[in-house]
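Colleague: In my numbering, the protein residues as written are 134 to 541.
Please note that the accuracy of each hint is not assured.
Said to hold, decoys possible - Here are the computed distance ranges between Cβ atoms for each label pair:
1) Ser-252 <-> Ala-381: 27 to 33 Å
2) Val-365 <-> Asp-235: 19 to 25 Å
3) Asp-228 <-> Glu-520: 22 to 28 Å
Claimed, not checked - Straight line, CA to CA, 30 Å or less: simulated DSBU-like cross-link-like pairs of lysine-lysine:
4) Lys-319 <-> Lys-361
5) Lys-171 <-> Lys-319
6) Lys-525 <-> Lys-361
7) Lys-361 <-> Lys-192
8) Lys-195 <-> Lys-171
9) Lys-192 <-> Lys-171
10) Lys-195 <-> Lys-319
11) Lys-525 <-> Lys-319
Honestly, the hints are just simulated from the structure, not real lab data.
The beta-carbon is built from N, C-alpha and C at its ideal position, and this holds for glycine as well.
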Amino acid sequence: MAPKKRPDSVAEDCVRIDGELYDVRGWVHRHPGGDVLKHFFGRDATGVFAAFHGAIARKMLKGLRARNVASFAAEPAYSDDVERDFEALRARARDEGLFVSDPAWFYRRLAFIVALIASSAALLVVRPSLWALAAMPLALAWQQAGWLSHDFLHNSVYDDNDRSEILGAILGGVLLGFSGDWWKRKHNTHHALPNVLGVDQDIDTTPFLSFTEADRERMGPGTRFLVKLQSVTALPIVAFARINWVLASARWALRAPTVPRRGLELGSILVHHAWSFGMLSLLPSWPTRLGFFLASQLVSGLLTGAVFLVGHNARPIFATVEAPGFCALQCTTTQNIHAPLGLRWFFGGLDRQIEHHLFPTMPRHNHGRIAGDVRALCEAHGITYVERGFFKGLGDVAAVLFRVARAA
Numbered sequence: 134m135a136p137k138k139r140p141d142s143v144a145e146d147c148v149r150i151d152g153e154l155y156d157v158r159g160w161v162h163r164h165p166g167g168d169v170l171k172h173f174f175g176r177d178a179t180g181v182f183a184a185f186h187g188a189i190a191r192k193m194l195k196g197l198r199a200r201n202v203a204s205f206a207a208e209p210a211y212s213d214d215v216e217r218d219f220e221a222l223r224a225r226a227r228d229e230g231l232f233v234s235d236p237a238w239f240y241r242r243l244a245f246i247v248a249l250i251a252s253s254a255a256l257l258v259v260r261p262s263l264w265a266l267a268a269m270p271l272a273l274a275w276q277q278a279g280w281l282s283h284d285f286l287h288n289s290v291y292d293d294n295d296r297s298e299i300l301g302a303i304l305g306g307v308l309l310g311f312s313g314d315w316w317k318r319k320h321n322t323h324h325a326l327p328n329v330l331g332v333d334q335d336i337d338t339t340p341f342l343s344f345t346e347a348d349r350e351r352m353g354p355g356t357r358f359l360v361k362l363q364s365v366t367a368l369p370i371v372a373f374a375r376i377n378w379v380l381a382s383a384r385w386a387l388r389a390p391t392v393p394r395r396g397l398e399l400g401s402i403l404v405h406h407a408w409s410f411g412m413l414s415l416l417p418s419w420p421t422r423l424g425f426f427l428a429s430q431l432v433s434g435l436l437t438g439a440v441f442l443v444g445h446n447a448r449p450i451f452a453t454v455e456a457p458g459f460c461a462l463q464c465t466t467t468q469n470i471h472a473p474l475g476l477r478w479f480f481g482g483l484d485r486q487i488e489h490h491l492f493p494t495m496p497r498h499n500h501g502r503i504a505g506d507v508r509a510l511c512e513a514h515g516i517t518y519v520e521r522g523f524f525k526g527l528g529d530v531a532a533v534l535f536r537v538a539r540a541a
């Protein structure tokens with residue numbers, strides 16, 4: 134659940150879940166989902182805990198229960214009607230089997246990704262002069278591999294945390310060159326408190342881009358200059374996103390103090406660079422190799438970044454103390470994409486961004502089955518539920534960038 138202030142008498146290093154207090158000081162650095170726990174010290178975490186955890190985690194909670202807080206534990210678990218109704222909807226979705234995955238569905242996506250990579254390599258062998266064309270299926274393969282790794286690391290393919298993390302690390306490393314641990318720690322915080330200033334790194338993109346006038350308070354002259362230009366520079370910055378992510382992943386896997394399965398992550402990343410740079414050897418000259426490398430990397434950055442930008446970056450941004458409850462926060466800060474007929478696969482499940490944020494462990498092939506109920510819940514409680522065309526959504530993001538650039 135989104136942050137709610139607690140009485141001063143309650144220790145500030147505990148979290149509240151279902152009306153009970155839990156002392157998580159010794160657990161925060163061992164938490165498999167990263168240090169997102171620290172953002173809920175002294176606050177209610179009922180909604181966000183339920184979104185990411187199952188029966189095993191609930192059993193582990195018993196040993197973390199704080200003592201001598203009976204008066205606080207007696208408070209209701211949910212702060213308002215929308216949270217209660219949302220928890221009822223989550224329970225009904227679980228009873229209806231909407232959290233049960235069809236693994237074969239996801240492995241068919243993996244086969245499609247492998248076919249894209251193979252077609253790119255085959256075209257380089259048969260017609261090296263068409264290197265620019267050959268870069269396109271590889272760029273698309275990387276975008277689709279990102280969505281597939283996202284599925285595994287969200288435990289939406291298997292509910293076994295260890296198996297999901299191992300397969301997610303292998304897929305993310307071998308196909309993308311990404312560290313699964315790096316991605317998960319950043320992404321889980323994004324899911325817990327999306328579009329919350331000072332918490333969600335996905336909107337903390339200064340000095341190059343800013344999506345809110347609130348950033349002006351911490352802008353120096355250099356940042357202000359760059360933000361003034363962002364209406365022009367946004368496209369190339371997003372294009373370089375994949376290269377930036379690969380470098381950040383490598384740094385994390387090598388230097389982060391606690392990386393579970395560090396050897397597996399580094400080995401998978403090395404395999405990725407072996408085959409991806411090996412493809413360059415299929416080309417006859419260094420200029421064509423450089424062209425193929427840049428075309429595939431930059432187009433992949435655009436294909437991935439555009440989908441994410443439409444989902445979040447034209448939506449409201451909150452200060453921590455202003456953020457509403459879990460359900461309202463997820464719905465208000467995300468929007469769905471009305472995908473053209475037959476192109477839902479392109480968005481990797483993020484065309485149903487609202488449903489994904491409300492139910493991050495639900496397999497994406499079931500999002501459509503819950504969407505009508507989510508919309509009805511939002512209408513009943515006066516919460517925004519937005520669905521936009523893809524290009525209309527990109528226009529909204531461009532308008533935000535222009536508005537903030539003018540304000541700078």
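Colleague: Now tell me, hint by hint, if it's right for this structure.
Modeller: Hints and how they fare:
1. The beta-carbon spacing between Ser-252 and Ala-381, approximately 29 Å, falls within the hinted interval of 27 to 33 Å.
2. Our hint of 19 to 25 Å for Val-365 and Asp-235 is violated, since their Cβ atoms are close to 45 Å apart.
3. Between Asp-228 and Glu-520 the beta carbons are some 26 Å apart, a value that agrees with the proposed interval 22 to 28 Å.
4. With a C-alpha separation of about 27 Å, the suggested pairing of Lys-319 with Lys-361 holds against the 30 Å cut-off.
5. Proposed proximity of Lys-171 and Lys-319 is supported: the alpha carbons are some 13 Å apart, at most 30 Å.
6. Note on Lys-525 and Lys-361: the hinted pairing holds, with a Cα-Cα distance of about 23 Å set against a maximum of 30 Å.
7. For the hint pairing Lys-361 with Lys-192, the CA-to-CA distance comes to about 51 Å; that exceeds 30 Å, so the pair is violated.
8. Among the hinted pairs, Lys-195 with Lys-171 is consistent with the structure: their alpha-carbon atoms are about 19 Å apart, no more than 30 Å.
9. Between Lys-192 and Lys-171, the direct Cα distance comes to roughly 21 Å. Compliance with the 30 Å bound is thereby established for this hinted pair.
10. Our distance criterion of 30 Å between C-alpha atoms is met by Lys-195 and Lys-319, whose separation comes to about 27 Å.
11. At roughly 28 Å between alpha-carbon atoms, Lys-525 and Lys-319 fall within 30 Å of each other, so this suggested pair holds.
Of the hints listed earlier, those the structure fails to meet are numbers 2 and 7, in rising order.
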